[in-house]
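Heads up: the protein sequence lines correspond to chains A and B, in order. Take the first sequence: its position 210, counting from 1, is numbered 190 in the working numbering, and each next residue is one higher. Take the second sequence: its position 280, counting from 1, is numbered 260 in the working numbering, and each next residue is one higher.
Source of the hints: derived by calculation from the structure; they are not laboratory data. All clues given are correct.
In this list, chains with the same sequence are indistinguishable; a pair is considered to hold if it fits within one copy or across any two.
Derived SDA-like pairs: lysine to any residue, alpha-carbon spacing no greater than 20 Å straight-line: (1) Lys166 - Asn127; (2) Lys329 - Ala9; (3) Lys399 - Glu74; (4) Lys(-6) - Ala6; (5) Lys387 - Glu368; (6) Lys58 - Phe401; (7) Lys398 - Ile343; (8) Lys107 - Val377; (9) Lys257 - Ala305; (10) Lys398 - Phe354; (11) Lys395 - Asn353; (12) Lys395 - Phe354; (13) Lys257 - Arg300; (14) Lys107 - Ile383; (15) Lys257 - Asp302; (16) Lys398 - Asn345; (17) Lys257 - Trp299; (18) Lys56 - Pro307; (19) Lys58 - Asp302; (20) Lys56 - Glu310.
Each chain, written out:
There are 2 protein chains.
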Amino acid sequence: MGNILIKNIYRCGKRGDVLICQNKIAKIAESIELKENLSRDCEVIDGTGKALIPGFANMHTHAAMTLMRGAEEDSKLKHWLKSIWALEAKLDEELVYYGTKLACIEMIKSGTTLFNDQYFFTRAAVKAAEEIGIRSWHSQVFLDLGNNMAAMKQRENCIAEYEISRGWGELNNFEVAIHAPYTVTKENIIWAKEFAAKNNLKIHIHIAETDHERLDSLRKFKCTPTQYLNELGFYGPNIIAAHCVWLDENDIQTLGKNRVTVVHNINSNLKLSSGYKFKFRELADAGANLCIGTDGVASSNNLDMLEAMKTTALVQKAWRKDPSAMPLAELLAAGSENGYKAFDLNGGKIEEGALADLCIIDIDNIYFTPNINFNANLIYSAHSDCVESVICNGNIVMRNREIKGEKEVIENVRKLYKKLFIK
Amino acid sequence: MGNILIKNIYRCGKRGDVLICQNKIAKIAESIELKENLSRDCEVIDGTGKALIPGFANMHTHAAMTLMRGAEEDSKLKHWLKSIWALEAKLDEELVYYGTKLACIEMIKSGTTLFNDQYFFTRAAVKAAEEIGIRSWHSQVFLDLGNNMAAMKQRENCIAEYEISRGWGELNNFEVAIHAPYTVTKENIIWAKEFAAKNNLKIHIHIAETDHERLDSLRKFKCTPTQYLNELGFYGPNIIAAHCVWLDENDIQTLGKNRVTVVHNINSNLKLSSGYKFKFRELADAGANLCIGTDGVASSNNLDMLEAMKTTALVQKAWRKDPSAMPLAELLAAGSENGYKAFDLNGGKIEEGALADLCIIDIDNIYFTPNINFNANLIYSAHSDCVESVICNGNIVMRNREIKGEKEVIENVRKLYKKLFIK
Chain A
-19 MGNILIKNIY RCGKRGDVLI CQNKIAKIAE SIELKENLSR DCEVIDGTGK ALIPGFANMH
41 THAAMTLMRG AEEDSKLKHW LKSIWALEAK LDEELVYYGT KLACIEMIKS GTTLFNDQYF
101 FTRAAVKAAE EIGIRSWHSQ VFLDLGNNMA AMKQRENCIA EYEISRGWGE LNNFEVAIHA
161 PYTVTKENII WAKEFAAKNN LKIHIHIAET DHERLDSLRK FKCTPTQYLN ELGFYGPNII
221 AAHCVWLDEN DIQTLGKNRV TVVHNINSNL KLSSGYKFKF RELADAGANL CIGTDGVASS
281 NNLDMLEAMK TTALVQKAWR KDPSAMPLAE LLAAGSENGY KAFDLNGGKI EEGALADLCI
341 IDIDNIYFTP NINFNANLIY SAHSDCVESV ICNGNIVMRN REIKGEKEVI ENVRKLYKKL
401 FIK
Chain B
-19 MGNILIKNIY RCGKRGDVLI CQNKIAKIAE SIELKENLSR DCEVIDGTGK ALIPGFANMH
41 THAAMTLMRG AEEDSKLKHW LKSIWALEAK LDEELVYYGT KLACIEMIKS GTTLFNDQYF
101 FTRAAVKAAE EIGIRSWHSQ VFLDLGNNMA AMKQRENCIA EYEISRGWGE LNNFEVAIHA
161 PYTVTKENII WAKEFAAKNN LKIHIHIAET DHERLDSLRK FKCTPTQYLN ELGFYGPNII
221 AAHCVWLDEN DIQTLGKNRV TVVHNINSNL KLSSGYKFKF RELADAGANL CIGTDGVASS
281 NNLDMLEAMK TTALVQKAWR KDPSAMPLAE LLAAGSENGY KAFDLNGGKI EEGALADLCI
341 IDIDNIYFTP NINFNANLIY SAHSDCVESV ICNGNIVMRN REIKGEKEVI ENVRKLYKKL
401 FIK
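Looking at chain A on its own, in the form it has when it is part of the complex (with noise of 0.2 Å):
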C-alpha cells in the first residue's frame, strides 16, 4: 500500500485530481503537486478520459455458487432448489475455494470492492477474498430444519470460526448467519443474537423472500416472517437482511424504526419468481438503510452489480407507474455507500477521509456519447466492462482489467465444477 495520485479525472461533475495516502482518500482538488516526501513513494495515474467512482458494496451474494453458473434453468422453483441443493451437497473446501476466487474476481472486474457472503466452507472463501485483496464479510450459516444436534454444532463452529477469525487478514470479517427464520430453531436464533450482540457483529439473514414463506409462517407463527422475529427481540442496526420482499405496512415501520439494513436482490428475484414490488422508498423513509445485492450466481448467473441497479431502478419505475421513482442518487447511494455504512465504514464516496474503495472508469467509448449526464449513462447505458481498474483500501487490484491468476483460477474452476454433477 502506498500512494497514489490520480490526474485530472472526471468525477462528481468535474474534472480534477485525487491523492490516496494509504488505504484513505488524502486530498481531492483541481490539481494537486506531488511534495519531494511523497514523490519517491506515489504511483501517479493519468485520468485524461476516465471517471473516478465509488466502488460497489455488494451486500448480499453466495460467492461460491459461480460453480453452479447456468446449472438450472427455465424451471419450477421446487425443481431448481431441488436440483442446487444436490449440488451443494457435494462441495468441499478446494470447490469453495476456487468458486469464491472466480467470484472475487468477476466482482472486481466489474467494480465491487465490497461483498457480504454467505455460504459453507468459511476459510475457504476467506482464503480466496484474501489473495484477491478484496473487502468481505463471511459467516458461520445457522441452518438447522429444527435439529437439536445440528444447531448444537452449529453453536460451537460459530464460536470456533469467530475465534479463527480474529487471525484474518485486514479486509476480511466475521459475521453471524442464520439462512431464515423457518430454517433456524427459535432457541438459535436467539443464542445467535446475543453473541452477536456481545461480539459487536453483523448478523446476515434471509427475510421474506418468497410469499409462500409469508404464508408458511403466518399459519405457523400466526405472524409474517418480520413479525416472528421482531418478537424474539432481533432487530438492531446490526442486521443485515437479505430479500424482504413480502412485507406489510407494520413490517415495513419495524424494519425502519430498527435502522436495519435491508438488501434487495432483484435480477434473482425476477428470475425465481419471488416478487417485485419491492417497498424500497417505503423503507428508506421509514429508516432502513437501503442496499443492493446480487445473490448467488446460481439464480442471479452474475455478480453485475451496475446491472443490478439498472434492473432495480428498471422494475421501480414500472410497478409504480412513476417514471421519477428511483432517482440516479438514490440508487447509487444504495449500490455503494449505504452497503459500507452498515459495516460503520466510512466508504462508497469520494470524500476526504474516506476509504480508498474507487474503481476506474473507461468514459472514452459509445456508452458514454453523448456525456450529458454521467450517472445514467454509467447505469443504464454502459456495461461492467467500463470498469478499467479498481483500488481497494488503497491497492491497484486491478489495472486496466488485468488481474493477477485469473487464467488459471478460470481453468480450475471448468474442471474442478465437475465433480458437482458425478452421480
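For chain A, the structure is supplied; the task is to place chain B on it using the hints.
Same frame as chain A, now just chain B:
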C-alpha cells in the same frame, strides 16, 4: 465479399467448421478442408475459445436518438415527451447522419446485424447504415396529427422516398411507417396501407404502448387501438407493430390470426412506466411473430439486444410468477430469427443456406465459466462486450471489436449533439 472459413468454433453445443461463401452459410461440418479453387479467396478464422451465434435483429428503434442518451432522466412521462420533442425539433441531416452512425456502430458492437428504424431524415440514416454495412429498414414516417396539409405532404414524401430507395445499397431497405393510430388520420392510414400493399412493403407502427393511449381510444373510437386499426382492414403479415403492451384477449387473437409481427421493447416500457405485463406467450400461441427491440436511446439508454432479451425473460418470469416462462430457445429466436422472418429473410440462424449475419463470441472468460449452458451464459451472465467479431451479409464488419471510423464518429457526436440544446 469473399469467402470465410471459421475453424473449430463452438455452435449449438458442438465444435466444428463453418464455411461462408458470398453472403450465405455454404457448409457446416465437423471439419471442412479448403479446396484449391476456394483457397485463393478465402479468409480462415480460428474459432478456438469462441462461439458462433446468429446476429440479433433489433426490430424497433429510432437510431439517431443516440444523440439524446441521458438527456432526460427520472422525470414524469409528460415532461419527458415535451423535453425530447423539443430536442427533435432541432434535428438536421448532419445530426441524424452522425446519430445513426453511432447507433450502427453500437449495434454492431453488441451483435446486432439487422435493425428496423423509424425516424426522420431517412437519407442521412441510410447513408450511415450503408457505410457501416449493417442490414436495415428505414421509412418516411406518417405523423400528421390530423393536419390535412401535413398528411398530403407526407404522402408525397413517401412516394418520393420510395422512388429514391431503389438506389439504396443491397442491405438497406424502405418500408412505410405510421407513427401510431392516434397521431395519423384514418385516411392517411388507409392510404399508407394501400401504398404498402401495392409496392409489397412492410409497415412499421407503434400500437397500444400506454394505458393512456388505450383509454383515449376507448373514449374516442369506442374500441381499443388494436381494434380501431382492425376495422380499417389494416392487419396482415406485413405489419410490424411495436409495443402492444395493452391488449385484451380479442386484440391478441386479431394480431395472431393476421400473423402480425409484434415487437416487445421491455427496457423502454419499464423505464417510461408504460407497462410490463406483455402477453408474449398468448401472442405467440395465437400466431403472431414475436420479436424484440430496444426502442430509441432517449428511453432505453442503449441499443443492447442481449440486455433487452435478458430483461424480457426476467420480467416475463416475474409477473407470471413462473420461472419456467420464457425458455431460452424461444427467447433467442425472438432476438434473431423471428426478426429475419418478419422481412421474409432466411437468416438469424446457423443453417446451410441462411444469410451469413453472424457473431463470433469470446467465451474464454468468467461469464462463460463454467459453460454448463451456453445460451444461459450468453443471455443471463455475459455482456454484449463478449461479441468479438461480426459478419453481416458475408462481410466482416467488426474484427476484434474494431470498427473503422468509430473514433471519428464519437468525436463528431460529442461536438454536434450540443446543437440540440441551443436555445
